[in-house]
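K.L.:
Read off the chains here:
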Amino acid sequence: MKFKGVAWKFGDNITTDHITPGRYYHLRSRMEELAKHIMEDADKDFPKKFEKGDFIVAGKNFGMGSSREHAPLAIKIAGISAVLAKSFARIFFRNAINVGLPVVIANTDLINDGDEIELDLSKGKIKNLTNDVVIEIKPLPETMIKILNEGGLVNFVNKYKNLEI
Amino acid sequence: MVESSGKGKTIAEKIFSKACGKDVKANEYVFANIDLAMIHDITAPLAIKAFKEIAGNGKVWDSSKIVMAFDHQCPADSIAAAENQKMLRKFAEEQGILNYDVKEGIAHQIMVERHVMPGMLIVGADSHTCMYGALAAFATGIGSTDMGAVLALGKLWFKVPETIKFVVNGKLGKHVYSKDVILKLIGIVGADGANYKACEFEGKVIENMSMDQRFTITNMAIEMGGKAGIIGTDDVTKDYLKSRVDDFEEIRSDEDATFAKIVELDVTNMEPQVAKPHRVDNVVGVSEVEGVKADQVFIGSCTNGRYEDLKIAAEILKGEKVAKNTRLIVIPASRTQYLKALKNGLIDIFVEAGAIVEFPSCGPCMGGSFGLIASNETSVSTSNRNFIGRQGSPEGKIYLVSPATAAATAIYGEITDPRKV
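Protein chains in written order, with the numbering used here: chain A, 1 to 165; chain B, 1001 to 1421.
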């Protein structure tokens, strides 16, 4: 899988409340509507600024807080290619894989706000097209790669039935 | 890694070994059988969608092991919430799932009062599921798709976590409580200090804590990234469970178990603690924030809405009045806690002081239901998160405190050290 787009840079400890604020949870059964508000509490203009295919790039512990799967799902539905961060909060990371949103652990200090980047998941590399730097990706655990390859947990379970690999 | 002979097991390793039927240690990937699963009004719809994508119109794996409760938008605060609850009610009825509906309070509190047993592997579609570990269960929050798979299969894949041991010794001073201890610990290790790890709590201070106080500790393990908060069984566990069972499996970590890290804290002379906006690990002593004006004070939530919490607050509020420019919202965590507070006169004290007492639910803590704050308003709250927008306006501010500090703050309308009241 290969993606190309603009990097939108955020800091450390972006919470699930930044990603999908509680005040929009009446929209939770209309995910396309909820997705129009992603990251609003981290940058209120973000939903208007990015284009489909762009990346969210952050520091450490991205997605801390709630177990709400609406957070990674809204990012995916909004059209973000992938989230790149130095580290992720556990539940968010797992949820992202389960819904098929690529989440990538890498040294994001090498990416600046507005850089154009290319992510090659199969090669495990990020190419920063703006400054020509290549960044290695931390490989995923084998179980997660299998789930991502099937396009998420539902397909994985449907293929392997009783979760026996 | 801390040195050890490596033969012994942590509580987490013991529970996962039992749940997957073979001896496993930290960092192994396992498929484990689930003993109990909890779903609530916010996360259940997506979980049911995932379940149907796997099982079609089939049955859940074991309806007797699934618990449903509505607590986030409760009673329904909008037509959308009402429609959502109607759909969930229908699913529970078709599947024969125990549904507490809007009638019993916060799902986590119902779980510990009625369902959780030591040694169980429990998943909940909510991050504060880690609270149940005070009863020596391994309980962790999962997302809706994971929950969909659990509803269909009764099992899930896990990485057996390493465990950080928190040893809390010394003596708590007057009006210093378990909330102050856990805030202090979160401040020490940081918001991701226990990411992917189980957090086990022990030491004299934990041993001397009641179960109500212990739940506050394990509830907030997630605020340092913890996968679970755990306290081994002892006499307090026995006493708490005696109305439900005569006997249960004792479970504690072996002396020669391997821990990722040991964090020690002596709480002697520690003052009440406060987490400042907008991070739970932004923790200071109350003396640093005394005088900050409070527009709203919230006493409640799965963190601090139990009888003991309410009693501590009521003792401070007795005969006093809530400050003129401050609103005090009190919400017992469950109907059981509410009734106990009612029978013992606590609700009278709150209402006479000018508080608004609401029915058991998450209340303002969800940030999308009722009891919200406006822009530039400050909430002083006994709940577990002070993230931007968590209790309403993203331009509001939230300070996290113990029930004692919250009660003292309500009287003076500004953050107040409860030891001075």
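Hints in this document: simulated from the structure, not taken from any laboratory.
Careful, some of the hints might be misleading.
Claimed, not checked - Partial list, computed: chain A residues near chain B (C-beta under 7 Å): (1) ASP17; (2) PRO21; (3) GLY22; (4) ASN61; (5) SER66; (6) LYS86; (7) ARG90; (8) GLU118.
Since the model is a prediction, treat every value here as computed from it, not as a measurement.
From the three backbone atoms N, C-alpha and C, an ideal C-beta is built for every residue, glycine too.
K.L.:
Which earlier hints can't be squared with this structure?
P.N.:
Structure breaks hints 6 and 8.
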